[in-house]
Amino acid sequence: MAQGNRVLVNIKNLSKLFPVGGGVFRRTDTYIHAVSRLNLQIRRGESVGLVGESGCGKTTTGKLLVRLIDPTEGSIELVTEEGPVDIASLKGKELKAFRRRVQMIFQDPYESMNPRLTIYDTIAEPLDVQGLGSIAEREARVAELLETVGLSPPGSFMFRYPHELSGGQRQRVAIARALIISPDFVVADEPTSMLDVSVRTGVMHLMQDLGDRLGVTYLYITHDLAVARYMCDRIAVMYLGKIVEIGETEEVLQNPLHPYTKALLSAVPVPDPTYQRKAVEIKGGISRPINPKPLCRFYDRCSIADQYCKENDHPPLEDKGAGHFAACYHV
Amino acid sequence: MSANEHVLEVKNLTMHYSTRKGPVYAVDDVSFTVARGESLGLVGESGCGKTSIAISLLKLLPDNGSIETGEIRLGGIDIVPLSEREVREFRWKIISMVFQAAMNSLNPVHTVEEQILEAMRQHMRHLSEEEMRDRIDQLFELVGLDPAMKTQFPHQYSGGMRQRAVIAMALSCEPDIMVADEPTTALDVIVQDQLLKRIRQIQKQLNMAMIYISHDIAVIAEVSERVGVMYAGKLIELASATEIFHGPLHPYTMGLMSSFPSIIGEKTELITIPGEPPDLLAPPPGCRFHPRCPYATEICREQVPEFKLHHGSHYLACWHPGGEQ
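Those protein sequences? They're chains A and B, same order as listed.
Counting in the numbering used here, the first sequence runs from 1 upward without gaps.
Counting in the numbering used here, the second sequence runs from 1001 upward without gaps.
You may find that some hints are simply not true.
In silico negatives: residues of chain A with every beta carbon more than 12 Å from chain B [what the hints assert, rightly or not]:
no.: 1; residue: THR30
no.: 2; residue: THR72
no.: 3; residue: ARG160
25 Å max Cα-Cα, derived BS3-like pairs, lysine-lysine [said to hold, decoys possible]:
no.: 4; chain 1: A; residue 1: LYS96; chain 2: A; residue 2: LYS12
no.: 5; chain 1: A; residue 1: LYS283; chain 2: B; residue 2: LYS1197
no.: 6; chain 1: B; residue 1: LYS1197; chain 2: A; residue 2: LYS278
no.: 7; chain 1: A; residue 1: LYS91; chain 2: A; residue 2: LYS63
no.: 8; chain 1: A; residue 1: LYS278; chain 2: B; residue 2: LYS1267
no.: 9; chain 1: B; residue 1: LYS1267; chain 2: A; residue 2: LYS262
no.: 10; chain 1: A; residue 1: LYS278; chain 2: B; residue 2: LYS1204
no.: 11; chain 1: B; residue 1: LYS1204; chain 2: B; residue 2: LYS1093
no.: 12; chain 1: A; residue 1: LYS320; chain 2: A; residue 2: LYS310
no.: 13; chain 1: B; residue 1: LYS1197; chain 2: A; residue 2: LYS262
no.: 14; chain 1: B; residue 1: LYS1059; chain 2: B; residue 2: LYS1011
no.: 15; chain 1: A; residue 1: LYS262; chain 2: A; residue 2: LYS278
no.: 16; chain 1: A; residue 1: LYS63; chain 2: A; residue 2: LYS12
Covered stretches of chain B (in silico footprint by chain A; criterion: 3 or more residues with CB under 8 Å from a CB of chain A, positions within the stretch not fixed) [said to hold, decoys possible]:
no.: 17; region: 1049-1056
no.: 18; region: 1206-1218
no.: 19; region: 1236-1246
no.: 20; region: 1264-1273
By construction, these hints were calculated from the structure, which means they are not laboratory data.
Just so you know, even glycine gets a beta-carbon here, dropped at the ideal spot from N, CA and C.
Whenever a hint applies, use it, and build me the whole structure from the sequences.
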């Protein structure tokens, strides 16, 4: 966290509900609460990991933050030089200007690029959309970024097409495209999960390095806790639309408080055949947050839940010391 | 070890796919054995040939794939020269397979029970229909599924349940060896953990041999007694899991081990292996890893290192084991 504790993104009571069933002429009162009254502050220059299993709402949260989808409720404040701006309410020109500040890197480098655009056009596209720079300036900037992301010499990559590059090289192009307009904030959704191990580490190092050098703030979405350990200053664990625990990365990994985090961590396979993992304490399987009842969302699967957890609303995130928050009545 | 103790012996297996740009040698001169009841992990990155080995073992090659040379001995019999009809006697009964995408191995229009029965009717003729149905109940319990679910269709199962059903099917004809190709890769970590534990337990309980294929070395560490590491169509190192993880000798394996993040232990710096795996249409001469190897010398660029016993039961194909010059 290079630049102190100044908040860059302040998420307040953010919710996204998706209707289930229904149709054009048929109303439905059944909703999946993909993201449910979520609160999160991301500080300038830090990298926050959003971890959880599929269906926990981590990707939906990422899409809300870059306004690929609109929230049902709540606000997302981006703190700029002119003061806080609510991303959720931006329209037209303001929305376009906002897109200069926030970028996204997707999981699949094969699907997130237009196959008909050259690497040069792919990377320069954000400049084109925002109307930035002359042609010569754009060329120089693209060449510089290609070099920065390790695709060198730039001349040998600029006029190739995405299909001519490997997965690792494409993800480097995606990183260059996200960074070309010097955004404040980048949402990276599983950016390394499709890459092979021997190539993945290089991309991880690149993202960290650029984050430090350019002062980029990341929201790093991943299901892989071991990768999160290396990429993130803080980790937020999501379960059915809620953050159930958040804290400094090593603190959460070494001293998990929430029973779900404990279960999740003990289920992660360890690359050491002599290591004996703890038994995973969790019941049943993951469900979907469809019209969730007002009780702890982890109640059905929790090994320490009691009547109190059933009769009270989902517990709030509480400070358990040293910036380590957990949403559980029993920790 | 006498040949009889090996349920599977693979000798100098070479297979290729014909493509418009020329032949791609996905498996190149690979040899290994699997003992009864043993669990062998095969690890490698995408395109290293691990799945091609799996489908060669069952002779389930696509039209453009063919085994060029080598032997695949199941219980002493080489299945490479056998006809499709003859090989069918081996599938399910001697060797069975679990694929990554369980949905593709299940027929959507038949109940799971019907599909398992179909395999059993072929190979378990000594059982009556009723005994077969009883056996399916037992298999369901073994893999951790409610036997009442057997009359349902695959789409009524969750991802983890489908994978369990496919494993029940793979076990139905009491094979000597089961090949599992990334069976947990599409699953979430908690479901994966449950399934890995179950697979290990079953494999030990039935004293069945297993080849477990994965790109994830942490998963391989959980399920394997011995581990084979593949790179660009070659088996480059094969040893006990402990030796592979704690004393790797091939520079690629060494690189893999130090580039893999873990949530336990000290947070050491992750090493990057420079470059990318080679294009199998035109693999580099000599050792295929030499362009990325920090220890490569003249000989590595010119001569293919032989895959041979290094010490104990540690096999290796490298001119500079452990990086020594």
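For each hint, the structure was consulted:
Every beta carbon of chain B lies more than 12 Å from that of A:THR30, the smallest distance being close to 20 Å; the non-interface claim holds. The non-interface label for A:THR72 is consistent with chain B: the shortest C-beta to C-beta separation is roughly 26 Å, beyond 12 Å. No Cβ of chain B comes within 12 Å of the Cβ of A:ARG160; the nearest lies about 15 Å off, and the non-interface call holds. Restraint check: the Cα-Cα separation between A:LYS96 and A:LYS12 comes to about 22 Å, which is no more than 25 Å; the hinted pair holds.
Pair hint A:LYS283 plus B:LYS1197 holds up; C-alpha atoms about 15 Å apart against a cutoff of 25 Å. A hinted pair counts as satisfied when its Cα atoms are at most 25 Å apart, and B:LYS1197 with A:LYS278 qualifies at roughly 12 Å. As the CA atoms of A:LYS91 and A:LYS63 are separated by approximately 16 Å, the hinted pair is consistent with the 25 Å bound. Proposed proximity of A:LYS278 and B:LYS1267 is supported: the alpha carbons are some 20 Å apart, at most 25 Å.
Distance hint between B:LYS1267 and A:LYS262 is fulfilled; the C-alpha atoms sit about 19 Å from each other, no more than 25 Å. Under the criterion of a C-alpha separation no larger than 25 Å, the hint pairing A:LYS278 with B:LYS1204 is consistent with the structure, at around 20 Å. Proximity of B:LYS1204 to B:LYS1093 is assessed by CA-CA distance (about 18 Å); at most 25 Å being required, the pair is judged to hold. Of the pairs offered as hints, the one joining A:LYS320 and A:LYS310 holds, with about 22 Å between alpha carbons and a cut-off of 25 Å not exceeded.
A C-alpha spacing of about 18 Å is found between B:LYS1197 and A:LYS262, which places the hinted pair at or below 25 Å, so the restraint holds. Distance check on the hinted pair: B:LYS1059 and B:LYS1011 sit about 15 Å apart at the alpha-carbon level, within 25 Å; holds. Simply put, A:LYS262 and A:LYS278 have alpha-carbon atoms about 10 Å apart, close enough for the 25 Å limit, and the pair holds. About 16 Å separates the Cα atoms of A:LYS63 and A:LYS12, which keeps this hinted pair within 25 Å; it holds.
Only when three residues or more bring their CB closer than 8 Å to a CB of chain A does the claim for the region 1049-1056 of chain B stand; here the count is 0, and the claim is violated. Beta-carbon proximity to chain A at under 8 Å applies to 4 residues in the region 1206-1218 of chain B; the threshold of 3 is reached and the given coverage holds. Only residues whose beta carbon comes within less than 8 Å of a beta carbon in chain A count, and the region 1236-1246 of chain B has 4; three or more means the coverage holds. With 7 residues having a beta carbon nearer than 8 Å to a beta carbon of chain A, the region 1264-1273 of chain B meets the requirement of three or more and the stated coverage holds.
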